[in-house]
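Sequence order for the protein chains is A and B. Going by my numbering, the first sequence opens with residue 545, and the numbers climb by one from there. Going by my numbering, the second sequence opens with residue 9, and the numbers climb by one from there.
A couple of the hints might just be wrong.
To give an idea of the interface, some chain B residues facing chain A are shown, with a C-beta separation under 10 Å as derived from the structure [unchecked claim]: (1) P31; (2) F32; (3) A35; (4) D53; (5) D56; (6) G92; (7) A278; (8) E279.
The set of hints was computed from the structure by calculation and includes no laboratory data. Positions of the beta carbon are idealized from the N, C-alpha and C atoms, including for glycine.
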Amino acid sequence: MIRLDDRRPIGRVVATETLPAGPHQFHFWTATETPLGIGAIVRVDAASGRVVYAVVVDGRAYSDLPTPLHDVVAAEGDPAGATGPTRRAEIRLWTAAVLRHEPEEPVQPVPIAEVHLATEGDVEVALRMDGYARAEPSRAIPVGAYRAGGLRAPVSLDADFLLGPESAHLNISGVSGLATKTSAVLFFLASIFQRFPRTKGSVAAVCFNVKGPDLCFLDRPAELRAEDRELYQLLGVEAKPFEGVRYHAPFKADGVNLNTLRSHPDLVGDVQPLVWGLREVLDFHEVLLNRDDIDAKADAFLDFLADRVVEKDFRDEWGNAHRVRSFTELERLFRAIFDGLEAQGRGDIWRTHHIATIRKVRNRLLNISTRCKGLVTDDGSVSDLPFGSFADRSIHVIDVAGMDQLGQDLVFTRVVSKLREYLERRELGVDHVVVFVDELNKYAPGDGPDTYVRKMLLDISERGRYLGLVLFAAQQFRSQVHRRVVGNAGTAVFGRMDMDELATPGYHVLSPATRIKLATLPKGELMVRHPHFTQPVFVRFPRPAVLTGPEGIAQFPPASDVPFDDAVVRQLAALDRRVAPARIKDLISGRREEDVRRALLATKRVRPEDVTGFFTSSLGPAVQRERVERPAGPKPLKHVEDPYAP
Amino acid sequence: MRARGRFAPGDIRSHVPPPLSAPFATATPVEHERILQLATGPAADPPDGVAFLDGTQRWIVERWIGIQPVVRAHVAAAVLRRVGGALSEADSDFEEFRVVPRHRVPADWLAELGKQEMAVLDAGGDDRAHPLLDLRQAALRVEGRRAALERKLAARYLAARGGEWLVVDGSIDDLTATTSAGAALLGLVKSHDTQYLDGADLEAALTLPEGHRTSVFARESGERGRVFTWYLRLWPWDDHDLLHGLVRVERPPEDDAVATASEVSRWLLAERAPLAAPDERWDRLLYPIRRVETYLGAQAGGWW
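Work out the full structure, taking the sequences as your base and the hints as a guide.
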């Protein structure tokens, strides 16, 4: 084995007529025992002073055995006799793809010269990291360690190309459970939060937790192995949980138990309910309605409702005054229209809208509050993300794992749309927002109907970088995601890949050996493509310094659903341990549930010092039940002698 | 899989075989009164530390001075030693020189050639010029230098590692004079231009079955007088040429040459693997010897 501490060459470039060295690819041989492997970075020093950096993309070994038959003959047909006293001459022939020439011009074939393993400094130059890692301030965002032949060197991305404005977005692919996609993104976020230069602006993240408890414990420290701690040290990233994490989750259908696995009494106080009303939903009705529902007539009526009716004083033709702020009030309007038309016998048209269209829209909209119960309330109360006051280096985790697809689509669309809207006005509170979404192939599939969600993702991927809206997306099968969405991701990351996926055309640019390596990547290793890297690079990243979902569940088991009054007490107690359960129960006893929910939401939103006091005042005075005497009833009719009376 | 056979049954030929310079020579029995076919026993592992010596020669006509050829030559030899199955260079050397018929080349040309940093050797020959004969003379001179280089390396190696085997490609005629008595020297002769036996002895030798050797006999050699030798069939010849897989092993005329003939034959049988293919002489050429040739070829650069 060649020792690495000496600076002896590990190989020599070879070039023949049939296997020439080009400007972008060349071949070299090494001893049979070599620390080299696929993905290793090498350096070629020509006598002329030209230096070429390259990454090993393929390797072959062969002996001087001309045909397999010669081995059979030598062994006289007995496999046990195949080995003779002399080992055949063997070669390790490697193919390397050029990363960089120095000088860059003129571009020339790689010289026939000695090949050395890259040093840490060579790795930095080879990947063109010197341009941004040594800039002032440094724009390097560490993503992992390059490892080959005992060398560990940090690999960093350019912040300008990760969060914009030069390019942006990150896409990560890999098979579930093995590719460590979520872990990778969490480490990247930690790296961004710690290393993104403050002179470049502020940054926050919005993460959609779409399955299980994956992202529910980002503020909880994890036990790290020594190897991970060393990696953190090498990469210059502090191993610590995220600070400033805000959790958002809708209620369950009962309207008071939060629909999240972060429901342990010690943690649930951090979870902000996500509750929307009619206005929040109506703006994104396209997400909720089937494509077949959205004809021109329905669309026109919905626009009419949004523009003229909702949250406005509206008077119908029959003298009724409406101010629609909730689904209940919307239903009241619809009832007034139907009753009015029926009473007056005026036909089927109301303000140019056919009654059938009105009925269809009514059915669809009112059904939403049923399908998204827990997220959409009927009482007009709203609890939303703090758009406009996002804090620098904060993370907002939106737990939609317990919602059905429709609800997830609605949450995703509205949140991202609001982020874009606020970023356009520069009023979000931060300059950049990273939006992390898993299962991208579900939201932006390469085929299928052109949904509102997909259109929005396309828009973000194509224009988001100008706004500071950055998409970090993950999926199992990159080939099944819309080409423009993945194509606009400046940085592409790959974990362990499925062989079938690797057989799709998008991966043919990779060498067979690289594809095989991708199919067998161990956990914690990734292949990274970045605008500055002319070839993909393999890195190892440390596990995030936060609890994984299963670890979090083990340490903080989710609380079981409890009755309404207990759930209210639990949530208030999570805000303030001094809350007296008995007093809260007395307070809410006999009160309408929607009033209690509204007060609870307000308390959780404000997080006052005196939780009980604030909750009490939010609840307002109890309306004393008034005993109403049963009326005596109508006076008996005057008796008439009528043998035919009923 | 055919090796380069001379007279394999069924081969159609058109040319007269080239003349043999010395088709017959004499031999005397050593091991037995008559040449017997002896089973060597199964192939056995050779001892560790066996080395293999071979040399190469290349020459070109560099120019003509009048009608006198100036031959430029490269000769090289190498010893590869095998330890743990791996071959590595133990010794190597090479020479580059010119050969001219000095007595027919004008003095000013000789002076000019002498100014260059390359030895100029005399090809010899008659006073009467004959370009083809002159070239043959030059080639013989080159061959002589190659043999001398091999002798030098053999002597050097055996002096350094006298207890270890040195296997030489070809006859050890030229080597016995420069090596000490008792040297573990072994020559492996692949060509059978000269027949030392005749009659039933010859037939016994040339019809050896696979894995058999002949009795050891002595043949007349150079300065040391005699070389002990025996035939060994490495591969079955039934469907091939009569000489297929037949080698002749040479040892210095020491007593242990007879005692160890079967043992040496057994490990030579083991040397059949790996096969020396794609060399056409794979049936008689040992793989390590081929590796020495390959090594020398790689070292020779443009000469190869």
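Results for each hint:
Taking 10 Å as the C-beta cut-off, the interface hint given for P31 of chain B is violated, the closest approach to chain A being about 32 Å. Contact between F32 of chain B and chain A, as hinted, is not supported at the beta carbon level, the nearest pair being about 34 Å apart and thus beyond 10 Å. For A35 of chain B, the interface hint is violated, the least distance from its beta-carbon to any beta-carbon of chain A being 30 Å, above 10 Å. Interface restraint check for D53 of chain B: the shortest CB-CB distance to chain A comes to about 6 Å, inside 10 Å, so the restraint holds.
Interface hint at D56 of chain B: satisfied, since its Cβ lies 9 Å from the closest Cβ of chain A, which is below the 10 Å cut-off. Given hint, G92 of chain B at the interface with chain A, holds; its Cβ is 8 Å from that chain's nearest Cβ, closer than 10 Å. Hint status for A278 of chain B relative to chain A: holds, with the closest Cβ pair at about 6 Å, below 10 Å. The restraint placing E279 of chain B at the interface with chain A holds, with a minimum CB-CB distance near 6 Å, inside the 10 Å limit.
The structure is inconsistent with the numbered hints 1, 2 and 3, although it conforms to all the rest.
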